[in-house]
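*Asks:* Protein chains in written order, with the working numbering: chain A, 151 to 428; chain B, 151 to 428.
In case anyone wonders, no lab produced these hints; they're calculated from the structure. Don't take each hint at face value.
All copies of an identical chain are treated as equivalent in the list; a pair is satisfied when it fits inside any one copy or across any two copies.
Unchecked claim - In silico SDA-like pairs for lysine to any residue, Cα to Cα no more than 20 Å straight-line:
id, residue 1, residue 2
1, LYS212, ALA264
2, LYS309, GLU211
3, LYS212, SER155
4, LYS309, GLN390
5, LYS212, ALA416
6, LYS338, GLY235
7, LYS338, GLN246
8, LYS212, GLY165
9, LYS242, ARG333
10, LYS212, ALA157
11, LYS391, SER289
12, LYS212, SER270
13, LYS212, GLY161
14, LYS309, MET288
15, LYS212, VAL163
16, LYS338, ALA423
17, LYS212, THR156
18, LYS212, SER407
19, LYS242, ARG360
20, LYS212, ARG348
Note that the structure is a prediction, hence the values are computed from the model and not measured.
Each chain, written out:
Number of protein chains: 2
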Amino acid sequence: METISTAKSHGGVQGVYRHQSAVTGTPMTFAVFVPPQAANGPVPVLWYLSGLTCSHANVMEKGEYRAAASAHGVIIVTPDTSPRGEGVPDEKDNWQFGSGAGFYLDATQEPYAANYRMYSYIVEELTALIAAEFPADMSRQGIFGHSMGGHGALTMALKHPDRFASCSAFAPITEPSSADWSRPALEKYLGVDQAAWRAYDAVALIADGRRFPDFLVDQGTADPFLNTGLRPQLLADACQKAGIPLTLNLREGYDHSYFFISTFMADHIAWHASRLAR
Amino acid sequence: METISTAKSHGGVQGVYRHQSAVTGTPMTFAVFVPPQAANGPVPVLWYLSGLTCSHANVMEKGEYRAAASAHGVIIVTPDTSPRGEGVPDEKDNWQFGSGAGFYLDATQEPYAANYRMYSYIVEELTALIAAEFPADMSRQGIFGHSMGGHGALTMALKHPDRFASCSAFAPITEPSSADWSRPALEKYLGVDQAAWRAYDAVALIADGRRFPDFLVDQGTADPFLNTGLRPQLLADACQKAGIPLTLNLREGYDHSYFFISTFMADHIAWHASRLAR
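Please work from the sequences and hints to get the whole structure.
*Replies:* This is the structure we're talking about:
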């Protein structure tokens, strides 16, 4: 692991790191914020998964998470959203597929299967790296994210309730199998057999019996993707049917941007911290 | 004035606007955050001046000012740092002069005098525009900034103590007349006669008799420009000699970046709010 940069911020250290990933076959860049409490021993880890087009950097710059992470004493890990580089197959003019659009799955279709494996990259390889390199208490992990990253957080939590004690999302893609901006990507990554898509779809996972203690979702009512790509009601219906408590906050007038995310960031970190406390 | 974008954030509205400036002879872009309290009547205005290479956007994205601005009910105005555009003389490869480096002065030398007039642009033209277009109580204004913008804030406050009730700075250039990264710019903008530079130099202005009620300055001790371009001790000495109370916080381990600025942003906004309260 190579350190790209570190800077003191809100009493902790915001770092950017790079390593050669065996899972994606590419160098991968990620950011980690370590709060001051880590000087006294390992602290909980909160994973933040970003949305389409983003890298590790967008939420690091615009997410306003460090004040709350320092107040509550949690590490924040912000991975990239896809493999990148010259050897990685991509569609340059398509922001909903390829670079910046890994959809937190393991592709099975050629030519994507070799690189687009963000699911295993995060839950296996990067998890092991964080455990090895940072003052992280891996017995206390939470996960959240935005949009495509909200989808990533919900699906990873549903598949690993043993590992993640808390999960929340900002404007998540609740059912990517049926949303216009994600269906084409799922087909290219996973093939035409939609049975394979269910492992990467929060609503389908719940229908198939996966459970989680509770979810927090914030969603802006002025979000241009609200009724097309996101559709929080689908998650609300699935949770209600499954008996999963869901706190769904519809935020009047907020859009899909970091201006929205940053507004409710401290609330989400407090939600996680309360569930990650010993 | 044209509205480029608006987004709800932290209960208020973050907008980006553009207008044709008669002072700089160019279109100028700026950002304004209006807190929710403005719905009940005009609120104080806090000007934030940015540093070298920045536009209005950097602090808007990375400054983390909206939570505190909403908590205290102040408008935040973030202007650009220079005129820009095809007809504006510039030195493309020089980040310490020209575009992004207006130094908050009115140039008197050709070919810069026609466009590089950020001093008059801010204290006259943009001030009038803010008064006309936003729910601003112009009888309650404060000013702060970072690095070159800290210089701008200190000098504008010293020259207009009638207008600004509060002034603070993050890592300000305290004496641009003698700092390596600003001397060449002052010479090109203002000419070789250094008497003209004193109107744009906080330490010189204080030596020449200008006064202000008090200043707040935060400075990181790991700032790479600390002992060359910035030199807070020069300001501390000038303030002590003049009897101006200065709160100078040396922040252990912090650098010159927005990771530093954002850490102490809420403190600064609280400082201003207490002085702008009725």
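*Asks:* The structure should be examined with respect to each hint, and the outcome stated for every one.
*Replies:* Hints, one by one, checked against the model:
1. Taking the closest pair of Cα atoms, LYS212 and ALA264 never come within 20 Å of each other, the shortest separation being 32 Å inside a single copy and 36 Å across copies.
2. Taking the shortest alpha-carbon separations for LYS309 and GLU211, neither the intra-copy value of 30 Å nor the inter-copy value of 34 Å comes in at or below 20 Å.
3. In this homomeric assembly, LYS212 and SER155 come within 20 Å of each other (Cα to Cα) both inside a single copy, at 17 Å, and across copies, at 17 Å.
4. Taking the closest pair of Cα atoms, LYS309 and GLN390 come within 20 Å of each other only inside a single copy of the chain (19 Å); across copies the shortest separation is 63 Å, beyond that limit.
5. Taking the shortest Cα distances, LYS212 and ALA416 sit within 20 Å of each other both inside one copy (13 Å) and across copies (16 Å).
6. In this homomeric assembly, LYS338 and GLY235 come within 20 Å of each other (Cα to Cα) only inside a single copy, at 19 Å, whereas the closest approach across copies is 43 Å.
7. Taking the closest pair of Cα atoms, LYS338 and GLN246 come within 20 Å of each other only inside a single copy of the chain (11 Å); across copies the shortest separation is 48 Å, beyond that limit.
8. For the homomeric pair LYS212 and GLY165, the shortest alpha-carbon distances inside one copy (15 Å) and between copies (16 Å) are both at most 20 Å.
9. In this homomeric assembly, LYS242 and ARG333 come within 20 Å of each other (Cα to Cα) only inside a single copy, at 18 Å, whereas the closest approach across copies is 45 Å.
10. Taking the shortest Cα distances, LYS212 and ALA157 sit within 20 Å of each other both inside one copy (16 Å) and across copies (14 Å).
11. Taking CA atoms no more than 20 Å apart as the test, LYS391 paired with SER289 passes in neither setting, with 30 Å inside one copy and 57 Å between copies.
12. Taking the shortest alpha-carbon separations for LYS212 and SER270, neither the intra-copy value of 27 Å nor the inter-copy value of 31 Å comes in at or below 20 Å.
13. When the C-alpha separation of LYS212 and GLY161 is checked against a cutoff of 20 Å, the pair qualifies both within a copy, at 18 Å, and between copies, at 17 Å.
14. Taking identical chains as interchangeable, the C-alpha atoms of LYS309 and MET288 lie at most 20 Å apart only when both belong to the same chain, with a minimum of 17 Å there against 56 Å between chains.
15. Taking the shortest alpha-carbon separations for LYS212 and VAL163, both the intra-copy value of 16 Å and the inter-copy value of 16 Å come in at or below 20 Å.
16. For the identical chains of this complex, LYS338 and ALA423 are neighbours neither inside a copy (37 Å) nor across copies (54 Å), given an alpha-carbon limit of 20 Å.
17. In the homo-oligomer, the alpha carbons of LYS212 and THR156 lie at most 20 Å apart both inside one protomer (17 Å) and across protomers (16 Å), since each shortest distance falls under that limit.
18. Proximity of LYS212 and SER407 under a CA criterion of 20 Å is satisfied in both settings, with 10 Å inside one chain copy and 14 Å between copies.
19. Taking the shortest alpha-carbon separations for LYS242 and ARG360, neither the intra-copy value of 36 Å nor the inter-copy value of 57 Å comes in at or below 20 Å.
20. When the C-alpha separation of LYS212 and ARG348 is checked against a cutoff of 20 Å, the pair qualifies neither within a copy, at 32 Å, nor between copies, at 37 Å.
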